[in-house]
Every structure is written in structure tokens, then in C-alpha cells.
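*Asks:* So the chains spell out like this:
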Amino acid sequence: MGNELNDLIKAAYSDFKRNKVRTALTSLGIMIGVLSVVMLIALGLGLKNYIREQFENLGTNLLVVLAGSGFSGGGAQSFGPGLVSGIRFDEKDVTKLKRISEIDYVVPVFFKSSVASYNGKKETGFIFGTTEEIFSLLNLKAQSGSLLSKSDIQSASKDVVLGASIAGKLFEDPSAAESKIIRLENQRFRIIGIAQKKGDNEMDNAIFMSYKTTFGSLNPDKEFFTIYLGVSSKENIPIAKKKAEQALLERYDEDQFSVTEQAEILSTVNQIFSVINAVLVSIGSISLLVGGIGIMNIMYATVTERTKEVGIRRAIGATQKDILLQFLTESVLLSLFGGLMGLLLASIIVLIVRAFFPVAINLFSVLITIIVSSSIGIFFGVFPARRAAKLPPIEAIRYE
Amino acid sequence: MSSMIRLRNVCKNYQLGEEIVPAVCEVNLDIKEKEYIGILGSSGSGKSTLMYLIGLLETPSSGKIYLDGKDISKLSDSQLSDLRNHYIGFVFQSFNLINRYTVWENVLLPTKYVKGRLDFDPEKRAEELLKETGIYERRNFFPNKISGGQQQRAAIARALIMNPKIVLADEPTGNLDSKTGDEILNLLEKLNKDMGVTLVLVTHEPNVAERTRRKIFLKDGKVTQKYL
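So the protein sequences, as listed, match chains C and D.
Residue 54 in the UniProt record's numbering sits at position 54 of the first sequence, and the numbers go up by one each step.
Residue 32 in the UniProt record's numbering sits at position 32 of the second sequence, and the numbers go up by one each step.
Isolated chain C (complex conformation) (with noise of 0.2 Å):
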């Protein structure tokens, strides 16, 4: 058995030879369908688990406590928290949380798009009117100085944090920004320290500071539109949750706040990408398709091509079988030439790729390509070979 693949391969391998321009462009076609679905397969990865790192950046066992309806609920109008609802939270809810025992950090955000400016220089950054508690929530630790302390954030006092990104920005060297004063929204802060790198937009650009700090000219109603809950171990999300829910029922309606866990939110996101990666790969497949349509075509001119080939096969003993097989050997190993190229290629240009936008391809990937093309050269191939296992010995062998 071996030993006839062998053959049949070695054969095929003969014609390629004879053929080469033949050979290139026909697996030129597969090539192009298996590198647009790889890629596209690569992307869609690549973004899923840029966002996965996001998320779990945030901690594993904790809870968002939004305004409106939140992510669960579904539907258009849950996005933009607070819009429809019109309700923000307080320091009474925040008072409130913090009596739940499964729940060890109750951080509320005050979030705000501001400039800051420092000896001239202006650049957008992000306000978190929030507690020392954020940081170990976020798993944030200071790259120089020090972190927000307890007694700054109840003293309010004008000590900020700064996000590693707006600091570069700010300062030619970060490291020397330390106890220096910028101005924000007409108030002088003074920086005691600069956070680590996240890789998030947000993040990298905030200005930490006290909640009570902003209740000044910044957050004059003193609300909040989030408030994350950080939990005491993963058993207790589902009681968590649950008694969170509970304390805000007794001021808000049902629908006017949402109670998220990561988890959910990220199988929410993870379902979006699912479907816009399943439209996205059938749309590569229709190049694969047509690639498979082309090796379809060149095996039915390769099949009249070697009619005679055909009947002298079978005058010397080939059976039916033997022919088809040999048909399919040649339109398989053209399509898998191609795949295994255009798999080639995708991982090049992922390489190249890969430093400036999150993609990746995974054995899955390889799988597929390997599967699909070799399917792809059955299938396509399968109809002209039995053309030609089919074709009467004699009417093969008179053929000219």
C-alpha cells in the first residue's frame, strides 16, 4: 500500500515536473483562498485574545456594577450605561456595598475625559476620580514614586497618579516627574507617582485621583457611573452578585442598574467576535472555492489530455480504481501545494504583521488548512477522475 502511493505520488510528481507553469498558477488559486482565510482566521484570534488579556488585566473575581441595563441584558439600548436610565450612583451606594461581607474592595469611578498641561505642554488624558483600592484591583503597581495612600483619598487631597503613556507625553523623563505640578481643568495637582505600562488605552493615559477630590468643580453632584466590586475568592461571584443586586433594588428599579461578572461580559464579546469571524472566514472561502473550480477545470483538460494515456493503463492491467486513484493523487497534491503555500505565506506575513496588531494562527489553523485543502482537491478532483476511470479501454486507446 506504501509502496502504490509511492508510485502514484512519484507519477503525479512527473507530470508537475512537465507542467510547472500549469502546476503554479492552478495551486495559485488555492494558495490565495487558504492565505485570506488563515489570515482572517489569524485576526479574528488575534483580537479575541487581545481583549481577553484586557479583561482578565482587570482582575479574575470582579464585578462591574453599571448604571442602565448593563451588557447582559442585551439589545441596543443597554449600551451607553446611564443614558436611558438617568440614574448615577453615590457614596451611600458605595456605603452600602461595602457591608456585603463576600466583598472586599468596593471601588466607585468617576471617569472624565480632561487636558492636562504641564509647563505648556497639553495632553488628553483620563480622570479616575476613584481609591487607593483600584490599583490592587487592577493589579497596578508604580513604576516610580508611590500610589495613591488611604489618608489622600480621604483627606481629598490634589495628590494624582499618572498612567505611564500620559506621563511620557508630558515629561521627557518620566522617572523626574515626580512632585512636579500640572494643571488640570483650571486646578494645579501635584504628581506623586507614575503607574506601569498596561497596554490600555485608558489606563496608560489616567490621572489617578481621590473620588473626593472630584467632588469639587469636577463632579459637582458627586455621582458615579461604575463602581467595581472586588470579591473575595470566585466561589463567592454568585452570592456576591446576588446581594449586590439586593442593595441596590432598595433604591433603584430593576432595569436602571446591571450587576455584571468579567465573565460574562467577556462571552459576550466573545460571541460578537465569533459571529463577525464566522462571516469574515466565509467570505475568504469563497476564494477557496473558486481556486477549487480552477483545479476542477485543468484535471478535465488534464483527463482528455492523457485519454490515451488512460486506455494503454488499462490495456496493461489498471482497474477503474487505479485510474480514479491516480487522478485524485494529482488534484489532492495540487491543493494541498497550495494550501501548504498560502499557510506558508500567512504565517510570513503574520510574523512580519504581528509587531504592530495582535494576530496569531494556532494549530487550528494548520489543521484546517491541511483538512480543507486536501477536501477541496477530493472533491474537485473527483469528478474528473471518474471521467476518466469511467472512459471505455478501447475508445481511450484509439483516442488521438
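There's no promise every hint is true.
[What the hints assert, rightly or not] Pair ranges (Cβ atoms, derived):
1) S374(C) x H86(D): 27 to 35 Å
2) H86(D) x V21(C): 34 to 42 Å
3) N6(C) x E33(D): 33 to 41 Å
4) A24(C) x K215(D): 41 to 49 Å
5) N175(D) x S282(C): 54 to 62 Å
6) R8(D) x I293(C): 46 to 54 Å
7) R8(D) x A24(C): 37 to 45 Å
The hints are simulated quantities; they were obtained by calculation from the structure and are not laboratory data.
Yeah, the Cβ is synthetic: ideal placement off N, Cα and C, and Gly gets one too.
Model the placement of chain D on the given structure of chain C, informed by the hints.
*Replies:* Chain D alone, transformed into the frame defined by chain C:
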């Protein structure tokens, strides 16, 4: 001596448009071991069709063909292919070598279609046959780079590689000049005499027909007693 091949009331019809054309009709024929038979007739007399029927490349429209007493109409495609592979060797007017293979590869080709194990060393046998037919030096040439006579010698070597009991030759000298044709006939006759291969020769040339030991005349698909 018993009959290797028996044809009983064999007919073969072809469909030409609406019309059914009988190519071979009511043929009864017995071929014995080591015979040297000529199937003779003018062109269109059905002699090639008869040869392909004997060679199991065609199946009869009616009648029976027996090979060593076995009714071949009951055999499957793979059994028929196996018989063509082991039992029968073909030599054609237009040589019918595969041009993208060398002489050596062409001669070995039938051994690739053997299901199961070969009971001989194919390369050694190919070497012997190519020496016997006198074209061993040309073994690495492609068919279109050698003369017609040499191609026919290669085709004879290919026909013999599986040690067949019968060689069917369809106008083997038709594309050759008379001197080369004679050499090819000498070679075929030598195989018949020395190796005991049954030889069936299809021809319309009287001088070739002269040489066969038993003559079967065909006219309009039927066996007749008289030549032409």
C-alpha cells in the same frame, strides 16, 4: 492440447447514432496454447474488435468468452484488469508507449498494477527483456526520441514483462518499413517458439499473414473460409 480461450457465438455491436452496427458477429473460435494465429481481413472487417474481445478490453454484446474454462462475463472490473495484467500482453500498431516515461519506466509499468506480491524481480526481468529485444542501451530514452522499430521493441518488452500466456499484436508492423517490420515479426515469432507464448496477430497485409500458422479470415464481422 486444451483450449486456453474459447469464443462461442460472440457478437459485438456498436451504437452509431441511432443505428446499431455489428462489428463482430457469431464468432466461434478456439485458441490453444503456443499457437501462432493470424486474424486477417480488410479494414473494417472487425478484426481489431475481435482482438480486443480476446484481450478482455471489450465485452461481447452477446455470446460467451471462456478463459481457461471460466466464463469471463461473470468477472468484475478488477478481475478482468488482473487478467489483462497477468495473462495477456498487447502490442499495438502505434506502439502506445507513454511518452512522459522512459523506455525503462514504460517496460516496468505493468508491474505497478500487480495487486499482491510479484514472484520475480521486475528490474532484473526488464533488463533481460530489453537485452533480448535489443534496446537495453536505449532504456533511459523517452519514446519520442527513438525510432519506430525501437519503440515497438520496447512495447514488446512491456507486453512480456508479466510473463503472459498470450500476446495480442494489432498490426504490429503497420507503422514500420518492411525491413524493420520483418525484424519485429522475427522477434515475435522467436518468443512464440522459444518462450511458448501464444501469439495472435491481426493484420491486413498478405505478406505478414503468410507467416502465421493458422489463419482466421474475417469479413463483415464474420469468420469466412476464404481470404478476402
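*Asks:* Each of the hints needs a verdict: does it hold here or not?
*Replies:* Structure-based check of each hint:
For the pair S374(C) and H86(D), the supplied restraint of 27 to 35 Å holds, since their beta-carbon distance comes to about 34 Å. Evaluation of the 34 to 42 Å hint for H86(D) and V21(C) yields a pass: the beta carbon distance comes to about 40 Å. Under the hint 33 to 41 Å, the C-beta atoms of N6(C) and E33(D), about 37 Å apart, fit the expected range. Remark: the range hint 41 to 49 Å for A24(C) to K215(D) is contradicted by a beta-carbon distance near 56 Å.
Restraint check, N175(D) to S282(C): a C-beta distance of roughly 57 Å satisfies the suggested window 54 to 62 Å. The given range of 46 to 54 Å is respected by R8(D) and I293(C), whose C-beta atoms sit roughly 50 Å from each other. Against the hinted window of 37 to 45 Å, the Cβ-Cβ separation of R8(D) and A24(C) comes to about 55 Å, which falls outside the hint.
In summary, the numbered hints that this structure violates are 4 and 7.
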